[in-house]
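**Student:** Residue numbers (the working numbering), protein chains in the order written: chain L, 1 to 375; chain W, 1001 to 1297.
Keep in mind that the hints were calculated from the coordinates and are not lab data. Keep in mind it's a predicted model, so treat the numbers as computed, not measured. Among the clues, some could well be false.
[What the hints assert, rightly or not] Among chain W residues calculated to face chain L with C-beta under 7 Å, some are:
| hint | residue |
| --- | --- |
| 1 | F1048 |
| 2 | S1189 |
| 3 | I1190 |
| 4 | D1196 |
| 5 | A1197 |
| 6 | A1199 |
| 7 | G1202 |
| 8 | A1203 |
| 9 | P1215 |
[Stated by the list, open to error] Using C-beta positions, here's what the derived DEER-type ranges look like:
| hint | chain 1 | residue 1 | chain 2 | residue 2 | range |
| --- | --- | --- | --- | --- | --- |
| 10 | L | G175 | W | L1032 | 43 to 51 Å |
| 11 | L | R116 | W | P1021 | 57 to 65 Å |
| 12 | W | L1286 | L | G77 | 42 to 50 Å |
| 13 | W | I1131 | L | G175 | 54 to 62 Å |
| 14 | L | Q41 | W | S1189 | 39 to 47 Å |
| 15 | L | Q29 | W | R1204 | 24 to 32 Å |
| 16 | L | G77 | W | W1210 | 56 to 64 Å |
| 17 | L | T104 | W | I1131 | 18 to 26 Å |
| 18 | W | L1117 | L | T67 | 47 to 55 Å |
| 19 | L | E318 | W | P1021 | 54 to 62 Å |
| 20 | L | G175 | W | R1204 | 56 to 64 Å |
| 21 | W | L1032 | L | S51 | 49 to 57 Å |
| 22 | L | Q41 | W | L1286 | 34 to 42 Å |
| 23 | L | R141 | W | L1286 | 52 to 60 Å |
Glycine residues also receive a C-beta, built at the ideal position from the N, C-alpha and C atoms.
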Amino acid sequence: MEPAAAPTRVSSNISVELFEVSKRYGAGQVAVQPLSLQVKQGEFLTLLGPSGCGKTTTLRAIAGLETVSSGRVEIFGTDVTDRPPYARDTSIVFQDYALFPHLTIADNIGFGLKMRGVGKGDRRRRVMEMLEFVQLAHVARRKPHQLSGGQRQRVALARSLVLRPSVLLLDEPLGALDAVLRQQLQVELKRIQRLAGIAFIYVTHDREEALTMSDRVVVMRDGRIEQIGTPEEIYNRPRTAFVAGFIGQCNVRRAEVLGRNGSIVNLWDAEIGKIQVRSPFLSSAIADTVSWALRPESIRTGAAALDCTNQVRGAIAEKIYLGSMLRYRVELASGHSLTVQTPATCQFALQHTVQLGWDLDDGVLLAEDVKCAQP
Amino acid sequence: MRAALTTPSPSTQPTQPMGNPWWGLLPTCGYLLLFFALPVGYLLSASFRATQGTGLDFAPGWTLEHYREFFSSASNGISYLRSLGIALATVATSTLLAYPLAYALAFVVPKSQQKFLLFCTVAPFWTSFVIRSFAWQLLLAKRGPLNGLLGKIGIGPIEILYTHAATLLGLTAFGTMLIALNLFAVMESIPPNYLDAAADLGARRWQSFWTVIFPLSLPGLGIGALLTFILAFGDYIVPTLLGGGLRTVLAQAMHGAISTSFNVPRAATYAAMMLATILTVSVPVLVLTRSRQEVHS
């Protein structure tokens, strides 16, 4: 018989909630490991990860386009796990937009309303409103193939939003656009999300998109959640080497634990020497080997480095010009190197010996071996 | 020798043997001329001639006699309308049967079995058209298995063989396969995302079919239906073996014009009328199909 009904949720500010949702294909092929996730009402949540990490499968499971192998999907406290897509209050925007090629733009946007039995007059009014909202009223009678990529993207968005879903799901919606348009639409999407006041769940492999738009980022890998946090948390306090590396350039190093003094952890890095990082948690015992990470742009050079808690000297081995930035590979005495990023004005010649330094809060102790708990 | 050494070697700068690029079209043009333009030209010109002697020779001069005869004779008109009616009915019934078949092949059947079932759909038609028609004769005969079955449930035996219903059945068997294959090809090329999007926007399965799959499958339907129409309209074998020879269709009338009247110009006139009909049907269908395909690509 039916399992006991889930306790009715009093807090209605949870928009979507996944309980130990997993997806397996055939024998042994696991797309999503059992994962749990809460999406708050009005939140811009990004599922970020490399291809094949299960982010799209998770999104499709929320939409109902993918059945789950185990677990439960709830939308505003209602169990929708076994409901088909048309019976869910979600809508999805596809990477290739999936606009119907044989329908005009207005008919594309009105499609969902028509399926839901909204009358003709009401339908036309809401479609026009939506067209105005995405500033495409002038192309209402055209077919999708007559529109540019950016316009199609907005039509796809309008087609979903016109249904006033309680959650909007976006599967790499900017993936097919060029860089300039992408940045414009990132701002645009964020604006629309604030106006609509509903949760957006956004899937991307682009860390910049994730950082610029999200309220919270879920970093995924191999069907698992690696870390959930605000863009700042994910960037500044990565919990694993994978997150540190995926979200941006990062020096990830091994060190031995010497001891801890309050929130300050003393480490011994074989190439650098004694270093200190601030860390609220440390599960490892003294003499254990741990990983720690250091962002290239956190490293100061020259005179500024002399005031830092942690210091090391090295020789410039490689120099990469990045426009507003310069990236150096600095070789330490041991032969290992650190990546350092400086403003473009900070010029060093190759082979030049530089002083490097960083503070307590710049280095991050990684919880590689600690099972990632949700914050 | 010396001159050859001082000029740049042709192998370092390969030049195309330019000549006239139109030579490349010669095989195609020759083929079309020999197997299309000449026979059709002969056919059309023969329809404007009069017979002489045995009926296989033409009298000198040109005449509209056979066209006048065609339009004034009631029996010719009836044969023509029978052919047209059978062809249209074949297209209609084949379409109705082909849609579920193509839909199942494209969307319901698991991908691993798709090829095998497609093979099963086509395989019966690898036997000869004539042999298949004889097989239908046995099935539909007064004491055949079909009537046996109908007798068991209390209907019949009914007269099916040597009626237009039998002709329709025989032609529909082939037409269904032809249309289904064309529909399958277009349905398979519909991106699955369209169906996901339709479902996401609130469409149930049948709504997805009518709003997305059906309109996008029209180019396939157009081509499949056209091929079926051409085949059914001009067919001689099925109307003869299954429909009997009494209520003649146009192809049978044409056959009669040669085999019993020895009147090649009259037969040519029937053929010309057939050609005109097929062209009248084909051109709009092809134009519509083409314009739709351009939109989708």
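**Student:** All the hints need checking, so say for each whether the structure fits it.
**Tutor:** Tested hints:
1. F1048: 46 Å, violated
2. S1189: Constraint on S1189 (chain W) not satisfied, violated at 12 Å.
3. I1190: 10 Å, violated
4. D1196: With a closest approach of 5 Å, the D1196 (chain W) hint holds.
5. A1197: 4 Å, holds
6. A1199: Holds, because the Cβ-Cβ distance from A1199 (chain W) to chain L comes to roughly 4 Å (cut-off 7 Å).
7. G1202: 4 Å, holds
8. A1203: Status holds, d = 5 Å.
9. P1215: Since chain L brings a Cβ to about 5 Å from P1215 (chain W), closer than 7 Å, the hint holds.
10. L:G175 with W:L1032: 43 to 51 Å: 48 Å, holds
11. L:R116 with W:P1021: 57 to 65 Å: 59 Å, holds
12. W:L1286 with L:G77: 42 to 50 Å: 56 Å, violated
13. W:I1131 with L:G175: 54 to 62 Å: Cβ of I1131 (chain W) to Cβ of G175 (chain L): about 55 Å, so the range 54 to 62 Å holds.
14. L:Q41 with W:S1189: 39 to 47 Å: 40 Å, holds
15. L:Q29 with W:R1204: 24 to 32 Å: Holds, since Q29 (chain L) and R1204 (chain W) (Cβ atoms, about 30 Å apart) stay within the stated range.
16. L:G77 with W:W1210: 56 to 64 Å: The hint (56 to 64 Å, Cβ to Cβ) is violated, given that G77 (chain L) and W1210 (chain W) are roughly 35 Å apart.
17. L:T104 with W:I1131: 18 to 26 Å: 51 Å, violated
18. W:L1117 with L:T67: 47 to 55 Å: 24 Å, violated
19. L:E318 with W:P1021: 54 to 62 Å: Because 55 Å falls inside the window, the suggested range holds.
20. L:G175 with W:R1204: 56 to 64 Å: 29 Å, violated
21. W:L1032 with L:S51: 49 to 57 Å: This hint holds: roughly 51 Å between Cβ atoms.
22. L:Q41 with W:L1286: 34 to 42 Å: Between Q41 (chain L) and L1286 (chain W), where Cβ atoms are some 55 Å apart, the hint is violated.
23. L:R141 with W:L1286: 52 to 60 Å: Since R141 (chain L) and L1286 (chain W) have Cβ atoms about 27 Å apart, the given range 52 to 60 Å is violated.
Of the numbered hints stated above, those contradicted by the structure are hints 1, 2, 3, 12, 16, 17, 18, 20, 22 and 23, listed in ascending order.
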